[in-house]
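Trainee: The primary structure of each chain is shown beneath.
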Amino acid sequence: MNTTNSQTSSYSDYWKRPHFIKRAWLRWLLMVGFAIYLALALGTMDIDWERAWEGLPRGQRFIQAFFPPNFADNRGVVFDGIMESIWMAISATIFGIILSIPIGLGAARNLSPAWVYFLCRGIIASSRSFPEIIMAIFAVKLFGFGPFAGFVALSIGTIGFFAKLLAEDIEVMNASQAEAVKVTGSSWFQWINYAIQPQVMPRMIGLAMYRLDINFRESAVIGIVGGGGIGATLNTSFSRYEFDTTAAILIIIIVIVMVLEYISGYLRKWVQ
Amino acid sequence: MLRLEGLGKRYKTGDDALKSVDLEIPDGQVIALIGPSGAGKSTLIRCINRLVEPTRGKVYLGDLELTSLSSRELRKARRRMGMIFQEYALVERLTVMENVLSGRLGYVGFWQAFLRKFPKDDIREAYRLLDRVGMMHMADKRADELSGGQRQRVGICRALIQHPELLLVDEPTASLDPKTSRQIMRLINELCEERGLAAIINIHDVLLAQMFSQRIVGLKEGVIVYDGPPDGLTPDVLTEIYGEEDWEATIDEVVEDEDEDEAVT
Amino acid sequence: MPIIETKDGPLWKRRTLKQSLARLFWWTVGLIVAAIAWKLISDKTHWYFVQSAPKEASDIVSRMMPPDWSYMDKLWLPVWETINIATLGTLIAMLISIPVAFMAARNTTPHPLVRAFALFITVTSRSVNSLIWALILVFILGPGVLAGTIAIGLRSIGGFSKLLYEAIEEINPVQVEAIEATGASRLQQIVYAIVPQVLPTFVGVGVFRWDINVRGSTILGLVGAGGIGLQLSGSINTLAWTQVSMILLVILLTVIISEWISAKVRGAII
Numbered sequence: 001m002n003t004t005n006s007q008t009s010s011y012s013d014y015w016k017r018p019h020f021i022k023r024a025w026l027r028w029l030l031m032v033g034f035a036i037y038l039a040l041a042l043g044t045m046d047i048d049w050e051r052a053w054e055g056l057p058r059g060q061r062f063i064q065a066f067f068p069p070n071f072a073d074n075r076g077v078v079f080d081g082i083m084e085s086i087w088m089a090i091s092a093t094i095f096g097i098i099l100s101i102p103i104g105l106g107a108a109r110n111l112s113p114a115w116v117y118f119l120c121r122g123i124i125a126s127s128r129s130f131p132e133i134i135m136a137i138f139a140v141k142l143f144g145f146g147p148f149a150g151f152v153a154l155s156i157g158t159i160g161f162f163a164k165l166l167a168e169d170i171e172v173m174n175a176s177q178a179e180a181v182k183v184t185g186s187s188w189f190q191w192i193n194y195a196i197q198p199q200v201m202p203r204m205i206g207l208a209m210y211r212l213d214i215n216f217r218e219s220a221v222i223g224i225v226g227g228g229g230i231g232a233t234l235n236t237s238f239s240r241y242e243f244d245t246t247a248a249i250l251i252i253i254i255v256i257v258m259v260l261e262y263i264s265g266y267l268r269k270w271v272q
Numbered sequence: 273m274l275r276l277e278g279l280g281k282r283y284k285t286g287d288d289a290l291k292s293v294d295l296e297i298p299d300g301q302v303i304a305l306i307g308p309s310g311a312g313k314s315t316l317i318r319c320i321n322r323l324v325e326p327t328r329g330k331v332y333l334g335d336l337e338l339t340s341l342s343s344r345e346l347r348k349a350r351r352r353m354g355m356i357f358q359e360y361a362l363v364e365r366l367t368v369m370e371n372v373l374s375g376r377l378g379y380v381g382f383w384q385a386f387l388r389k390f391p392k393d394d395i396r397e398a399y400r401l402l403d404r405v406g407m408m409h410m411a412d413k414r415a416d417e418l419s420g421g422q423r424q425r426v427g428i429c430r431a432l433i434q435h436p437e438l439l440l441v442d443e444p445t446a447s448l449d450p451k452t453s454r455q456i457m458r459l460i461n462e463l464c465e466e467r468g469l470a471a472i473i474n475i476h477d478v479l480l481a482q483m484f485s486q487r488i489v490g491l492k493e494g495v496i497v498y499d500g501p502p503d504g505l506t507p508d509v510l511t512e513i514y515g516e517e518d519w520e521a522t523i524d525e526v527v528e529d530e531d532e533d534e535a536v537t
Numbered sequence: 538m539p540i541i542e543t544k545d546g547p548l549w550k551r552r553t554l555k556q557s558l559a560r561l562f563w564w565t566v567g568l569i570v571a572a573i574a575w576k577l578i579s580d581k582t583h584w585y586f587v588q589s590a591p592k593e594a595s596d597i598v599s600r601m602m603p604p605d606w607s608y609m610d611k612l613w614l615p616v617w618e619t620i621n622i623a624t625l626g627t628l629i630a631m632l633i634s635i636p637v638a639f640m641a642a643r644n645t646t647p648h649p650l651v652r653a654f655a656l657f658i659t660v661t662s663r664s665v666n667s668l669i670w671a672l673i674l675v676f677i678l679g680p681g682v683l684a685g686t687i688a689i690g691l692r693s694i695g696g697f698s699k700l701l702y703e704a705i706e707e708i709n710p711v712q713v714e715a716i717e718a719t720g721a722s723r724l725q726q727i728v729y730a731i732v733p734q735v736l737p738t739f740v741g742v743g744v745f746r747w748d749i750n751v752r753g754s755t756i757l758g759l760v761g762a763g764g765i766g767l768q769l770s771g772s773i774n775t776l777a778w779t780q781v782s783m784i785l786l787v788i789l790l791t792v793i794i795s796e797w798i799s800a801k802v803r804g805a806i807i
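Residue numbers (the working numbering), protein chains in the order written: chain P, 1 to 272; chain V, 273 to 537; chain A, 538 to 807.
Keep in mind that the hints were calculated from the coordinates and are not lab data. Mixed in with the good hints there might be a few duds.
Think about it this way: if two alpha-carbon atoms lie no more than 16 Å apart in a straight line, the pair counts; the simulated EDC-like pairs of lysine to aspartate or glutamate are [said to hold, decoys possible]:
#1 Lys492/V x Asp288/V
#2 Lys164/P x Glu796/A
#3 Lys330/V x Glu364/V
#4 Lys16/P x Asp412/V
#5 Lys291/V x Glu493/V
#6 Lys492/V x Glu337/V
#7 Lys284/V x Glu325/V
#8 Lys16/P x Glu493/V
#9 Lys348/V x Glu364/V
#10 Lys330/V x Glu277/V
#11 Lys141/P x Asp596/A
#12 Lys576/A x Asp80/P
#13 Lys348/V x Glu437/V
#14 Lys348/V x Glu359/V
#15 Lys291/V x Glu277/V
#16 Lys141/P x Glu796/A
#17 Lys392/V x Asp80/P
#18 Lys492/V x Glu466/V
#19 Lys389/V x Asp13/P
#20 Lys392/V x Glu337/V
#21 Lys22/P x Asp412/V
#22 Lys16/P x Asp393/V
#23 Lys492/V x Glu516/V
#24 Lys492/V x Asp503/V
#25 Lys581/A x Asp13/P
#26 Lys413/V x Glu364/V
#27 Lys492/V x Asp508/V
#28 Lys451/V x Asp477/V
Bound conformation, chain P alone (with noise of 0.2 Å):
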């Protein structure tokens, strides 16, 4: 014992992990300052919890009309609106794509001259620049109540969307493989669609499906403010208190979110 002791004395039985930050200053700062957000935050936030409170019976009715949910009343505007966000988040994506090609190519680096480059480059950031719900608001006073707004905001989202991940994409593909088809002596087409496109392709259709699934699901809320689709169904089921309907409604979003997202997993394994 006493031999292990005086060889075990020389070692330090003292040990902290060394710190993610190293700098101390700069740790407390970043500590200190997000604790005083934080209360600045909360202190800030201006809550009524004498109405949140009363609001809870209230919230145990709506949970009770999952209860079971009523898909039999107001069959017939639920399966339109339904329909109308399926063929609204169809169409936009479907455009919006179209779209996004040329504007992906010409938005990417190593294809592009700088004025091309700059111009697509504009058109992707002022598409992404709003969310599709304040594009929808302005697309329904411009071309009046109904699916075509919606089918205009989505497209503009899909564009912001696809074409920036075409651009980035092509930005970090291969260059050698691009190289090789370019000394052949190819056209700009020839190019694109030997060198690039196949390089592309199965990430862009697995991008498809996803914003697919993202304009399916914004259509359900463009309809509150007028954009045609779902939204507009469930925001008049909710004011007229028919929370079974509303229930109906969110079951029906849920389960076709839910196939698409499946269908997706199966076409990108089918494409690779």
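Since chain P is already given, all that's left is putting chains V and A on it; use the hints.
Mentor: Just chains V and A, lined up with the frame of chain P:
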């Protein structure tokens, strides 16, 4: 003392990775387990501490029968068996010290572990082990900054800080260059000797096996086909284990290599 | 695209007949679907309005100019609220999604039934837009930032859990095995071998999600759930176009700045 009785493992795919293995390892003996890939070496080692559940047979560590333990008792028993892995299996985003101390997880409670508040003795022991393997200066480096040989040294410390009676070593040199391989094998051997540890070293390199162990067990298709001293590995025996090949060259090389190695050190 | 496809033909046989037919089939299906979608939408459109849209647009834009700079005084608080909704909502979602993700990952779930439940939470949260969550919560809790914050939180749980449980399923299992071999308990294994492997993903997704949530919380006010959207819908309803343009400018700046911060922080982490 470790004793395996009729140990077997059949995977769900229907493959018999191990077919009834009987083996006895006395205290303090270092054995090398050799055999071609797919012979069941890895499965055998993992069946001992039940990282893989054996489907047949029994494992005794001293008087304790491991195969029938509840998961709680098993955790306790696992503290007595240190394990060293092929790809080091360090947690790459933790520091060297945390990796070493993780060997004490079987002894400390959840919150102690979570807050990294290990007992003073454990920390002292961790430093001592790191010093022993020449990694003292690296204690606060992150594991993914280390080279392969350094990582394996940390892996050894993690196994030893458990204060095990037995080391289960799974291909310790498979990812290392020849020189580092020897250093690591020598280190494991020295440490086993210092601490009177028994060890099963699963290794595919026959030369290293012969150089560093007192006893060699050859495994083929889940069955022990050789169990004896290193110099008993004649070309016939190797053919039995690995299949037909010109083994004379390999065995000759052993002698030369050993001389050369001696000269270097 | 189909025009380019036909160019392959003469050059060399890239596909077998069967593959070509399959491609032709899918292109046809796609075109038919597109045509039907277009027909259905155009049936419900008043083309008269669409034709007048350019005139309408220039009209609105001219009314928006110049933005009402003085209105900014009334926008500071809503912007502050908007950011708080996003930040607090993100934090709530991060906290809740940790257990959900561990329950949903195949290699850490205690039971397949628990996994099914966690996946159900994930998909429900993701499918329902934050604006719908806000609609429901405003009804229950009354209008204000509380409803907005919880709405953002509820919507983000799914996004977080999905990315986190995918990360958990993709960890290196050998590191877990090594910790298990020391006699560590299940929880200790999670803390020592799994958490360090997924922590960077978790923080990265958190910052990324925060950026999305700032965007999302700018519109929650449309249904009364706090933030700058309330001013936006108010100004649109009263046709105060110069205020609208000011608000849009502020939203744009907020979104750009949050995107910039998020990119910077992610860059610093990775």
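Trainee: State for each hint whether it applies.
Mentor: Status of the hints after comparison with the structure:
Restraint check for Lys492/V and Asp288/V: satisfied, since their Cα atoms lie roughly 12 Å apart, inside the 16 Å limit. Distance check on the hinted pair: Lys164/P and Glu796/A sit about 15 Å apart at the alpha-carbon level, within 16 Å; holds. Between Lys330/V and Glu364/V the CA atoms are separated by roughly 35 Å; this puts the pair beyond 16 Å, and the hint is violated. Restraint check for Lys16/P and Asp412/V: satisfied, since their Cα atoms lie roughly 9 Å apart, inside the 16 Å limit.
Taking the CA atoms of Lys291/V and Glu493/V, the gap is about 8 Å. The hint holds against a cut of 16 Å. With a C-alpha separation of about 26 Å, the suggested pairing of Lys492/V with Glu337/V is violated against the 16 Å cut-off. Pair hint Lys284/V plus Glu325/V holds up; C-alpha atoms about 12 Å apart against a cutoff of 16 Å. Distance check on the hinted pair: Lys16/P and Glu493/V sit about 48 Å apart at the alpha-carbon level, beyond 16 Å; violated.
Straight-line distance between C-alpha atoms of Lys348/V and Glu364/V comes to about 25 Å, which puts the hinted pair past the 16 Å bound. Taking the CA atoms of Lys330/V and Glu277/V, the gap is about 5 Å. The hint holds against a cut of 16 Å. Pair hint Lys141/P plus Asp596/A holds up; C-alpha atoms about 11 Å apart against a cutoff of 16 Å. In summary, the hint linking Lys576/A to Asp80/P is supported, as the alpha carbons are separated by about 15 Å, within the 16 Å threshold.
The suggested pairing of Lys348/V with Glu437/V holds, with an alpha-carbon distance near 13 Å, which does not exceed 16 Å. At most 16 Å may separate the alpha-carbon atoms for a hinted pair to count; Lys348/V and Glu359/V exceed this at roughly 25 Å. Simply put, Lys291/V and Glu277/V have alpha-carbon atoms about 11 Å apart, close enough for the 16 Å limit, and the pair holds. Straight-line distance between C-alpha atoms of Lys141/P and Glu796/A comes to about 28 Å, which puts the hinted pair past the 16 Å bound.
The hinted pair formed by Lys392/V and Asp80/P fails the criterion: a straight-line CA distance of about 70 Å is larger than 16 Å. At roughly 32 Å between alpha-carbon atoms, Lys492/V and Glu466/V are farther apart than 16 Å, so this suggested pair is violated. The straight-line distance between the Cα atoms of Lys389/V and Asp13/P is roughly 11 Å, inside the 16 Å bound, and the hint therefore holds. Taking the CA atoms of Lys392/V and Glu337/V, the gap is near 32 Å; set against the 16 Å cutoff, the hint is violated.
With a C-alpha separation of about 12 Å, the suggested pair Lys22/P and Asp412/V falls inside the 16 Å cut-off, and the hint holds. The hinted pair formed by Lys16/P and Asp393/V meets the criterion: a straight-line CA distance of about 14 Å does not exceed 16 Å. Between Lys492/V and Glu516/V the CA atoms are separated by roughly 14 Å; this keeps the pair inside 16 Å, and the hint holds. For a cut-off of 16 Å, the pair hint linking Lys492/V to Asp503/V is broken: about 19 Å separates their Cα positions.
Using a Cα cut-off of 16 Å, the hinted pair Lys581/A and Asp13/P is violated, with the two alpha carbons roughly 78 Å apart. Between Lys413/V and Glu364/V the CA atoms are separated by roughly 10 Å; this keeps the pair inside 16 Å, and the hint holds. The suggested pairing of Lys492/V with Asp508/V holds, with an alpha-carbon distance near 14 Å, which does not exceed 16 Å. Taking the CA atoms of Lys451/V and Asp477/V, the gap is near 13 Å; set against the 16 Å cutoff, the hint holds.
In terms of the numbered hints stated before, the structure departs from hints 3, 6, 8, 9, 14, 16, 17, 18, 20, 24 and 25, listed from lowest to highest.
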